[in-house]
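Residue numbers (the working numbering), protein chains in the order written: chain A, 11 to 469; chain B, 11 to 469.
Quick caveat, the hints were computed from the structure, so don't treat them as lab data. Be aware that one or more of the hints could be misleading.
[What the hints assert, rightly or not] Quick partial rundown of chain B residues pointing at chain A, CB under 10 Å, derived from the structure: (1) Gln83; (2) Gly225; (3) Trp304; (4) Arg306; (5) Gly433.
We put the beta carbon where it would ideally sit given N, CA and C, even for glycine.
2 protein chains.
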Amino acid sequence: MSDAIAFARAHRGRFRQELDDFLRIPSVSARSEHNADLRRAAEWVRSSMTAAGLSARIFPTEGHPVVVGEWKQAAAGAPTILVYGHYDVQPPEPLELWDSPPFEPDIRDGRIYARGSADDKGQLFLHIKALEAHLATRGSLPVNVIVLAEGEEEVGSPNLAPFVQNHLDLLAADTVVISDSAMFAPGQPSLLFSLRGMAYFEIHATGPSTDLHSGGYGGAVANPANALARIVGDLHDAEGRIAIPGFYDDVAPPPPDILSRIRALPFDAEAWTLETGVPPVGGEDAYSPLERLWTRPTCDVNGFLSGYTGEGAKTVLPAKAVAKVSFRLVPNQTPERVRELTERHLERVAPPGISLELVELHGGRPWQARLEGPVFEAAARALERSFATRPVLTGEGGSIPIVVELEEMLGANSLLIGFALPGANMHAPNEWFAVDSFERGIDTLIHLYDELAAGTGNG
Amino acid sequence: MSDAIAFARAHRGRFRQELDDFLRIPSVSARSEHNADLRRAAEWVRSSMTAAGLSARIFPTEGHPVVVGEWKQAAAGAPTILVYGHYDVQPPEPLELWDSPPFEPDIRDGRIYARGSADDKGQLFLHIKALEAHLATRGSLPVNVIVLAEGEEEVGSPNLAPFVQNHLDLLAADTVVISDSAMFAPGQPSLLFSLRGMAYFEIHATGPSTDLHSGGYGGAVANPANALARIVGDLHDAEGRIAIPGFYDDVAPPPPDILSRIRALPFDAEAWTLETGVPPVGGEDAYSPLERLWTRPTCDVNGFLSGYTGEGAKTVLPAKAVAKVSFRLVPNQTPERVRELTERHLERVAPPGISLELVELHGGRPWQARLEGPVFEAAARALERSFATRPVLTGEGGSIPIVVELEEMLGANSLLIGFALPGANMHAPNEWFAVDSFERGIDTLIHLYDELAAGTGNG
Chain A
11 MSDAIAFARA HRGRFRQELD DFLRIPSVSA RSEHNADLRR AAEWVRSSMT AAGLSARIFP
71 TEGHPVVVGE WKQAAAGAPT ILVYGHYDVQ PPEPLELWDS PPFEPDIRDG RIYARGSADD
131 KGQLFLHIKA LEAHLATRGS LPVNVIVLAE GEEEVGSPNL APFVQNHLDL LAADTVVISD
191 SAMFAPGQPS LLFSLRGMAY FEIHATGPST DLHSGGYGGA VANPANALAR IVGDLHDAEG
251 RIAIPGFYDD VAPPPPDILS RIRALPFDAE AWTLETGVPP VGGEDAYSPL ERLWTRPTCD
311 VNGFLSGYTG EGAKTVLPAK AVAKVSFRLV PNQTPERVRE LTERHLERVA PPGISLELVE
371 LHGGRPWQAR LEGPVFEAAA RALERSFATR PVLTGEGGSI PIVVELEEML GANSLLIGFA
431 LPGANMHAPN EWFAVDSFER GIDTLIHLYD ELAAGTGNG
Chain B
11 MSDAIAFARA HRGRFRQELD DFLRIPSVSA RSEHNADLRR AAEWVRSSMT AAGLSARIFP
71 TEGHPVVVGE WKQAAAGAPT ILVYGHYDVQ PPEPLELWDS PPFEPDIRDG RIYARGSADD
131 KGQLFLHIKA LEAHLATRGS LPVNVIVLAE GEEEVGSPNL APFVQNHLDL LAADTVVISD
191 SAMFAPGQPS LLFSLRGMAY FEIHATGPST DLHSGGYGGA VANPANALAR IVGDLHDAEG
251 RIAIPGFYDD VAPPPPDILS RIRALPFDAE AWTLETGVPP VGGEDAYSPL ERLWTRPTCD
311 VNGFLSGYTG EGAKTVLPAK AVAKVSFRLV PNQTPERVRE LTERHLERVA PPGISLELVE
371 LHGGRPWQAR LEGPVFEAAA RALERSFATR PVLTGEGGSI PIVVELEEML GANSLLIGFA
431 LPGANMHAPN EWFAVDSFER GIDTLIHLYD ELAAGTGNG
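Make a model of the complete structure from these sequences and hints.
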């Protein structure tokens, strides 16, 4: 056992307390009332980086701040690794479905329950602790490291790309490493071959200038709630395909080797049903669940609000209706093209008496990994050392829109190595991160920095 | 001018202040937090009846109380009139759309703006004041009168029928008079030939056992919001007809004389568009707007709620979705039959992975007036005396479910004589009642009691 690993294990108790402090900050980026909490979380990250031995700074943006920590004193020729993570979290609602408060970390059954425990505070924290273990025991790192932590990932990273563009020298790196995803199964680590992209919209349907009595007006007024329900309902056809003309034109089938790897992976429909409460029957009939999750686009209603939704019966004809509708995208789709197609579709289907408006909330392109080369091999070895098994390759249905942009701006490839477990309730009530993932994750990342130095010829 | 009319005109200022006091009580029957306000409103009605010279009592029910005032000392052979009204009101939401607070009456442009000003506190109040004018000036009424005021009309009158059934002696009457509807146009009074019935449901769609991440699960989980949108959207076909099999089997066409009267009435599409902000394009293409409003059934979404509806983007797959959906019914539909058909339809269309539940909130049968006879004639003469024009016959798209039940239990016919004006925003923000309706309404009802005595041979 290396000295850094021994250090990490000896300090587990303190690490866990520090993570709890981090998770207690309700850094919900989507809600402006939490702006001060975001600043507090950024400050927490900065001082955590400093304590680990990095040189760290907070950079204000037009939105929430960016935190950058760096250590660039590795031997000449050593590669530079940029670790990307985010300290903001999803809104915790609906609160009544949490078994413990979302911002009071609670340990139950070997899991740390809290909003952000898996996505992504807990995983960002793993990196900082792995770096601390190296620096505390050896006084140096085997590679140059930059840690870039943003506070707007959950709202589409609107200010990160301009920030990176303005700080290309500071952030120049050979490889981007991101831990913001899940393993294939407990004990079975994985490396990602893809992320889906995203196009998130609100559709506003407006009818009468005010809410009307459904008796006095019903039958002679086009009801925006009925109309929007129909429009949203008709976004899929009977086979589960998205019914926007042209939507599939840009959808590329996955490469044959990826497809054969997906088909080789077990999919446990029973475990899925136990976990989610429903069988894996959504989406396109023509594809297996894993193919649908990793290689096919989606169109999901994330929210729908119209009229009177309180207790009892109110006989109102609503003046408007709003649906939050998001698409997950796969190569070679782009959010811009999906927006164009959706707008054109809405123009075609808008009924008389109803105005439709499409408002874009955020978007990001899908990502595909470079599957060969020393970085992938280094990560596989690091995972094998901690988990005693080779990682499998998996896709990820979620989106980290900034990955593609970081790659393009920095001219670097990305390695996505995640430690959450399936069913971690990222974006849902009762989000959790396994204590085992926490512990093996730190070990893995300690190994990873060594392996990256070794694997790229600079150990 | 009769002494009673002179009395009413002399006391207009006081009457208006009293009405303001009544309108200030937020008697929202749908919300349990207003229970004490309902009791306060009932007490207000009781003491107003007593002040008018009636003998009045409050009767508790399992829900909100019933108030009954009576004066039964008319000459032998005089008919007994039961006035029905309600002191409860619709919820005022959305509050931000009111130009003045809903429970602080505000006079603007000759209108009294307040929740309940038209529906139905203001119109119930007209009757109490007409009776006060008679009793204050003559010491007697030309007919026996019972005033029955309930506090649950806006939630479907669940406790009124049992109450009436248990008090048939107290409530025995020859004619039921109700002022809870609108005139055809300003200056053009009307008498109702029909009310639509109602069947009000919630449809609950349940999918996964908890909200899920739309990236991690999207494409392999049936989304209850998408599913419910489709189900609700498909409740109409492309021609605006309700697409529930069997729905139109019980729909009777209106009698030819009613149809010809409807077709003789002007419909001002421009005024409609100005008032509502939209052209009269909803509903079934095959019928004119007035036919659709008065003689055809509807299916309207009154509310729809699913997932995340706050600020910004939350990438959540909702665990459930709820739609409030209500049908307006016409002869010979019944809410029971519509419930059966809707349940059967939902069973047929429920997609895999989604559970549907239909919850009935309230219902009521449609009503048709008896158009001949002395009561109608008496009402027409009373209206002509106040408005200097004969009333037209109109339908009403709204529902007063208790009308049919009162008729059956009491063996009496109903006269629906309303004074609200089109566009009064009943059930919507900025509800109003015209000061002119208030003044002429009291005059009309003073005449009505005289005419009912005269017209039915007991003047």
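How the hints compare with the structure:
With its C-beta approaching chain A no nearer than about 38 Å, B:Gln83 sits outside the 10 Å limit, and its interface hint is violated. With its C-beta approaching chain A no nearer than about 3 Å, B:Gly225 sits inside the 10 Å limit, and its interface hint holds. Annotation: B:Trp304 was flagged as interfacial toward chain A, and the flag holds, the nearest CB pair being 9 Å apart, inside 10 Å. The restraint placing B:Arg306 at the interface with chain A holds, with a minimum CB-CB distance near 6 Å, inside the 10 Å limit.
Interface hint at B:Gly433: satisfied, since its Cβ lies 9 Å from the closest Cβ of chain A, which is below the 10 Å cut-off.
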